[in-house]
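Novice: One-letter residues, chain by chain:
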Amino acid sequence: MTGNDDIGAKLAAAACALLGTAVCAPASAEESTNAWSIDSSFLYYGESDGRVQDVSAIVAAQRDFGDQRKLSATLTADTLTGASASGAIALDGPQTFTSPSGRATYTTPAGEVPLDDTFHDTRFALNATWSQPLAELYTLSAGAGFSTEYDYRHLGANVSLARDFNKRNTTLSAGLAWSQDDIDPVGGAPMPLSQMLDVGDQSHKLGSDSKTVLDVLVGFTQVLDRATVLRVNYSYSDSSGYLNDPYKVLSVVDPLTGDTITRVPAEEGPTGVYLYESRPDKRAKQSVYAEMKRAFGARVLRVAYRFMTDDWGIDSNTAEASLRWPLGASSYIEPQLRYYTQSHADFYRASLIDGEPLPQYASADFRLGDFDATTVGFKYGHRMANGSEWNARFEYYQQTGSIPSQQIIGNQANREQYPDLSAVIVQFGYRFGF
Amino acid sequence: MKRSLLLILLGTLCGCTTVQPWQRDVLARPEMSLDAAPLDAAIDDHIYFSKEASSGGRGFGGGGCGCN
Amino acid sequence: MNASVSVRRGPCAVTLVRDRDHWAGRFVAMASPCDVLIEDVVSQMQAKQIVDAVAACAWRIEKKFSRYRPGSVVWDINDTAGAVVAVDDETASLLDFAATLTQLSDGRFDITSGVLRRAWTFDGGARIPSQEQIDALLPLVGWNKVQWNRPSLLLGPGMQIDFGGIGKEYAVDTAAALANRAAPGVSCLVNFGGDVAVVNARQDGQPWRVGVERPDRLGSTAEMVSLHRGGIATSGDSRRFVQSSGRRYSHILDARTGWPVERAPRSVTVVADTCTQAGSFTTLAMLQGRQAEAFLKASGHQFWIQ
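Chains as they are written, first to last, in the numbering used here: chain H, 83 to 516; chain V, 32 to 99; chain C, 572 to 877.
Calculated directly from the structure, the hints in this document are not laboratory data. One thing to keep in mind: the hints can contain errors.
Said to hold, decoys possible - Quick list of in silico lysine-lysine cross-link-like pairs, DSSO-like style, CA-CA up to 30 angstroms:
| id | chain 1 | residue 1 | chain 2 | residue 2 |
| --- | --- | --- | --- | --- |
| 1 | H | Lys249 | C | Lys716 |
| 2 | H | Lys92 | C | Lys635 |
| 3 | H | Lys92 | C | Lys619 |
Claimed, not checked - Sample of chain H residues facing chain V (criterion: CB under 7 angstroms; computed from the structure):
| id | residue |
| --- | --- |
| 4 | Ser261 |
| 5 | Arg313 |
| 6 | Gln368 |
| 7 | Ser369 |
| 8 | Val382 |
| 9 | Ser398 |
Here the structure is a predicted model, which means the values were calculated and not measured. All C-beta atoms in this analysis are idealised placements derived from N, C-alpha and C, irrespective of residue type, glycine included.
Let the hints inform the model, and build the full structure from the sequences given.
Specialist: Structure, rendered in structure tokens:
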């Protein structure tokens with residue numbers, strides 16, 4: 083007989099001619115019977131000016147056991163290198179700081195925003211989720227997670243229940259998540275608002291600490307019409323315990339010049355007066371998130387919005403949009419845009435004023451300040467004949483902050499005040515099933 | 032701000048129709064799933080959690096880290 | 572909870588029952604028990620309409636292509652063998668398809684091979700014909716002796732055609748397409764005596780579970796096939812064979828020789844995109860004799876061979 087591929091193709095064509103166009107679209111019986119689905123991603127994140135760089139690899143596997151029962155597990159490994167702004171302000175001259183371990187110092191050149199450059203960390207994380215129907219129209223999901231890095235360990239669990247209504251046009255869900263994190267900072271967690279001391283002097287450092295986070299999520303998904311689906315979530319999050327960043331400091335400055343008060347270290351140590359930050363030991367956040375996907379023919383538009391507010395005085399707004407644009411039968415391009423803005427925490431301070439009484443809480447961590455951030459990028463994907471897909475994503479992230487004018491003192495006005503951040507994100511992914 | 036957001040949401044809800052199961056061909060496309068790219072979402076959540084003061088909203092995060 | 576509706580009485584009876592998560596319509600057509608399983612996203616009335624349409628389709632095709640019924644298309648063609656006949660579109664498409672199968676099987680499959688039935692009676696008995704009996708019939712067998720120029724068909728005198736090898740699978744796919752037009756997007760499983768087609772996958776993501784019968788233990792199910800969409804067909808000698816001198820002769824005849832294919836498997840089941848394609852693969856595989864398994868492995872389709 084003629085070659086086998088030949089036979090298959092000729093039979094398909096003959097059956098197509100016999101049965102008419104209704105059956106000509108190849109709908110493989112095997113296609114949707116993949117029990118396993120594997121999704122993997124390789125990510126590079128790099129900030130400019132020698133700041134943080136991160137390389138990570140993620141593998142997610144999902145096993146379908148039939149009857150809507152699924153098990154999924156995700157393994158992440160990432161390596162972080164580079165420096166992050168420490169919260170101290172820039173000066174006209176160089177500054178020296180004691181590193182977190184208390185065994186060395188590092189120096190910031192004149193005029194530059196101080197970066198803590200002794201940061202190097204590798205993290206492993208494992209998450210697993212099991213979901214299954216509980217009864218007709220009810221779906222139960224339960225998950226657990228674990229992650230470890232050299233100064234931080236996380237353990238978490240979550241559970242959620244979803245119920246469908248109205249021919250599965252509407253879904254209501256409610257979920258609970260709990261996590262317990264143990265923080266063991268290099269050199270020990272510093273006493274809040276204590277001073278950075280010379281090399282070898284760890285008297286302001288304590289040991290390890292921990293924090294607990296409880297999350298409640300209520301979700302509502304609604305099919306609006308044949309081509310549109312909407313999701314709205316409300317979530318409440320309560321954190322308690324050690325919420326400080328043990329490596330962040332504030333500069334204590336002269337009330338007139340705005341320059342950091344200098345000091346002379348005994349042998350090796352800081353050349354200025356720097357105090358470790360202090361944050362409250364509780365934080366309550368609430369957020370409302372809405373997302374809508376709409377198909378315009380073969381194109382799919384996604385828009386999302388989130389509003390968050392918390393009891394630290396931070397309000398934030400996030401808006402995202404992306405448009406998936408098919409290119410031919412097996413590729414697509416998806417431009418993406420994100421805009422984020424947040425207001426500063428009540429206790430956010432650019433610097434502390436010498437002579438004034440210390441506030442109870444203070445932090446110069448740029449992540450608690452006023453800033454806008456924009457992400458622009460695109461994703462490209464290509465589906466292979468065997469159903470697997472590889473994809474690539476390129477994004478550019480830019481954060482621009484500002485400090486409330488009443489907090490800018492004297493000479494600070496002439497220097498870079500907010501450690502603006504820009505980063506490139508490059509991601510390659512591959513997913514397949516079997 | 033909060034009040035106008037709520038009104039927009041309610042307005043959208045009132046415009047919905049019931050889609051019959053046999054009309055779900057468009058909605059069944061993988062790219063129409065709200066969880067179509069879970070790894071992208073996890074990566075974004077992690078990056079923004081470590082660089083910004085807000086996190087999550089979409090679902091439960093994958094886990095804490097020392098990055099914030 | 573069962574709800575049942577009986578639509579008609581007598582030989583054209585169609586019953587409709589509500590099973591656990593689907594509607595089940597049943598009737599008899601083409602000498603086989605037939606099922607139409609519909610995912611229970613439709614109302615009882617809609618299910619009844621779908622089953623009625625499928626049954627009507629099956630009976631129409633059975634009547635049109637039956638070689639026993641005077642006035643059917645096949646009867647008329649066989650009756651006027653030796654003269655040119657003009658056939659309609661549907662018949663012409665089936666003839667084209669049959670011609671393709673003949674070509675793909677190098678002549679082993681042939682819709683003109685039905686006359687060999689005069690020599691072979693596959694009733695489980697022990698009668699095998701003599702070579703003379705077969706030689707007498709071979710001049711009447713062979714698609715190459717037919718003049719087919721769509722839509723004109725000219726059989727040699729005494730020649731006969733029948734669509735026995737492809738008719739049922741064609742009926743299944745046509746009925747499944749009809750069910751899809753009656754209720755677009757609803758998952759319906761059409762099963763005519765073991766030839767199955769599903770056009771749309773189920774809304775709840777579950778596959779239909781189809782059992783494949785073992786030929787040596789009729790009535791008990793061996794394998795479960797999970798079918799989201801596509802077709803399943805089975806060729807086998809479980810019910811029609813001749814046993815003589817310890818050898819079992821399958822009813823699948825090699826049209827070139829007039830004898831049953833040697834070492835044909837007892838039963839072949841194939842899963843493909845459509846029932847017609849699945850049926851073609853089972854037929855071609857059976858005609859391969861002992862190479863059936865290798866042939867099916869190379870095809871890339873899911874199959875069971877016994």
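Novice: What are the numbers of the hints that this structure violates, sorted from low to high?
Specialist: 1, 3, 6
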